[in-house]
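As a plain string of letters, each chain reads:
Protein chains: 2
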Amino acid sequence: MSTPVIGIIGGNGKMGKLFAHFFKKNGIKILISDRDTKLTNTELAQRSDIIILSVPIDKTEQIITEIKPHIRPTSALMDLTSIKSAPIKAMLKAKCEVLGMHPMFGNSNPISGQTIILCPTKKSSTHSKWIEKLFEKNGVKIIKMTPKQHDKFMSIAQNLVHFSEIVFADSLRQQKMPLKQVMECASNSSQQKINSALTLITKDPNLYANMIIENPNALSALKAHQKSVNELLKIVENKDKKAFEKYFNKNKKHFS
Amino acid sequence: MSTPVIGIIGGNGKMGKLFAHFFKKNGIKILISDRDTKLTNTELAQRSDIIILSVPIDKTEQIITEIKPHIRPTSALMDLTSIKSAPIKAMLKAKCEVLGMHPMFGNSNPISGQTIILCPTKKSSTHSKWIEKLFEKNGVKIIKMTPKQHDKFMSIAQNLVHFSEIVFADSLRQQKMPLKQVMECASNSSQQKINSALTLITKDPNLYANMIIENPNALSALKAHQKSVNELLKIVENKDKKAFEKYFNKNKKHFS
Numbered sequence: 001m002s003t004p005v006i007g008i009i010g011g012n013g014k015m016g017k018l019f020a021h022f023f024k025k026n027g028i029k030i031l032i033s034d035r036d037t038k039l040t041n042t043e044l045a046q047r048s049d050i051i052i053l054s055v056p057i058d059k060t061e062q063i064i065t066e067i068k069p070h071i072r073p074t075s076a077l078m079d080l081t082s083i084k085s086a087p088i089k090a091m092l093k094a095k096c097e098v099l100g101m102h103p104m105f106g107n108s109n110p111i112s113g114q115t116i117i118l119c120p121t122k123k124s125s126t127h128s129k130w131i132e133k134l135f136e137k138n139g140v141k142i143i144k145m146t147p148k149q150h151d152k153f154m155s156i157a158q159n160l161v162h163f164s165e166i167v168f169a170d171s172l173r174q175q176k177m178p179l180k181q182v183m184e185c186a187s188n189s190s191q192q193k194i195n196s197a198l199t200l201i202t203k204d205p206n207l208y209a210n211m212i213i214e215n216p217n218a219l220s221a222l223k224a225h226q227k228s229v230n231e232l233l234k235i236v237e238n239k240d241k242k243a244f245e246k247y248f249n250k251n252k253k254h255f256s
Numbered sequence: 001m002s003t004p005v006i007g008i009i010g011g012n013g014k015m016g017k018l019f020a021h022f023f024k025k026n027g028i029k030i031l032i033s034d035r036d037t038k039l040t041n042t043e044l045a046q047r048s049d050i051i052i053l054s055v056p057i058d059k060t061e062q063i064i065t066e067i068k069p070h071i072r073p074t075s076a077l078m079d080l081t082s083i084k085s086a087p088i089k090a091m092l093k094a095k096c097e098v099l100g101m102h103p104m105f106g107n108s109n110p111i112s113g114q115t116i117i118l119c120p121t122k123k124s125s126t127h128s129k130w131i132e133k134l135f136e137k138n139g140v141k142i143i144k145m146t147p148k149q150h151d152k153f154m155s156i157a158q159n160l161v162h163f164s165e166i167v168f169a170d171s172l173r174q175q176k177m178p179l180k181q182v183m184e185c186a187s188n189s190s191q192q193k194i195n196s197a198l199t200l201i202t203k204d205p206n207l208y209a210n211m212i213i214e215n216p217n218a219l220s221a222l223k224a225h226q227k228s229v230n231e232l233l234k235i236v237e238n239k240d241k242k243a244f245e246k247y248f249n250k251n252k253k254h255f256s
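Note that the protein sequences, when read in sequence, are chains C and A.
The first sequence: position 115 = 115 (this note's numbering), numbered continuously.
The second sequence: position 87 = 87 (this note's numbering), numbered continuously.
Rather than coming from a laboratory, the hints here were simulated on the basis of the structure.
Hints are supplied without guarantee of correctness; some may be wrong.
It does not matter which identical chain is meant; a pair holds if it fits inside one copy or across any two.
[Said to hold, decoys possible] List time: in silico EDC-like cross-link candidates among lysine to aspartate or glutamate, alpha-carbon distance up to 20 Å:
| id | residue 1 | residue 2 |
| --- | --- | --- |
| 1 | 93 | 237 |
| 2 | 176 | 231 |
| 3 | 227 | 237 |
| 4 | 123 | 61 |
| 5 | 59 | 34 |
| 6 | 89 | 61 |
| 7 | 148 | 184 |
| 8 | 17 | 66 |
| 9 | 234 | 34 |
| 10 | 223 | 240 |
Using the sequences and the hints, build the whole thing.
In structure tokens, the structure reads:
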């Protein structure tokens, strides 16, 4: 197989640029379409062997509908979104090879040494195998799972973690205390926790809104979190140290 | 002033041992009383120039009542608890020098390079100045504040942080997912966040129960946290991306 031409739709976004740079470094011919490019999504679809969607989750379906008639049956359609069930279902409507991908790293990191989750489909074939090998050759750790498994895992590894950080930042803001002084008298681990939440909220709100709101498994994980909060708050309100220790030890035991 | 004799009540506990080791290393004579020592708290109080209470917060008042008649007026009474208003109020009932202390580090760390918060009182004098200099000479960072300020700052730097970690661990447990697999497909920052919560719940539940339940400012901070959780969960439930971004940006703007 000769080296395929890769077209990235949304190639001027942060994640698109990162992958474009990666493919170029590997000597691969790249086409890019975005809101401000001369090349249209349709033209890109006609000319690419592998079409990668690097667009917000809620734009994926619309773009697939737009390019579907122009994809060659021998080409491959892949995506980079943080949700896999719905985008893969949408991609499978196209008459071509289909592979779901999810890079597990912020858009500013180098690709080598990072993890990419792949969700192969019944329509994954030559191009899917080729890109997997390319990633592996470049030191990327590949994890394979079904779209359903992916979305379930991400409701924890992403949604629950992000939700917890964002609400922490919100309640920190409500205290109206000088952050510098709080940080000065905080332990190292508290400083890390505070910094971690404050780093997250410097990022793109739209990305996090999409990740949480589009994941079909997020809500049940977040509702469990609310339940945990309500339960422990009630214990603190009742000054019930025995119940606090029971709550604490239940988790200590579970994870030990 | 000759080097004072330091008596540590609860000196066989983790924090007590850490400070005993520190004082010994500095060539200071140490007395220790604990549940299993021959030396009683009363005897220790009679023989010490500086008496340090290294006992659970909810035992402090009881022990002060026990030793109060035996403390020499020229001696000093100090504590190591994570709350300052109530213990200092209780210590001030004794007719001696009084200093509140709070070491901002886990009980397994070396003292040098760490932070100790001091809450001087109107009855802080010679021994208080001496111990402050000893800490500084050993590379300890000293921060001074009033007991009220201390408890307000700790409701954030400790209580809010710990609460958030403990409820996160609880909601993680509820998911009944294989932690190893979740960790494998999590980003570095998510792994750190999960590890941080799982590290906290390996610690002593009684210590955390005391810190949260005894701090007079904790409940209002935790209720604000509950409000933040309820608000964002409702937004996710309504799939309202605009409201999500508004919530996110409000905090982004506040902390930028």
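Hints, one by one, checked against the model:
1. 93 <-> 237: Neither. Shortest intra-copy (54 Å) and inter-copy (29 Å) distances fail the 20 Å Cα cut-off.
2. 176 <-> 231: Answer is between; shortest inter-copy Cα gap is 18 Å, intra-copy 26 Å.
3. 227 <-> 237: both (15 Å within a copy, 15 Å between copies)
4. 123 <-> 61: within (18 Å within a copy, 71 Å between copies)
5. 59 <-> 34: within (13 Å within a copy, 66 Å between copies)
6. 89 <-> 61: Within. Shortest intra-copy distance 9 Å satisfies the 20 Å Cα cut-off; inter-copy 65 Å does not.
7. 148 <-> 184: This pair counts as between: shortest inter-copy Cα distance 17 Å, intra-copy 44 Å.
8. 17 <-> 66: Answer is neither; intra-copy 22 Å and inter-copy 70 Å both fail.
9. 234 <-> 34: neither (51 Å within a copy, 34 Å between copies)
10. 223 <-> 240: The answer is between: 16 Å across copies meets 20 Å, while 24 Å in one copy does not.
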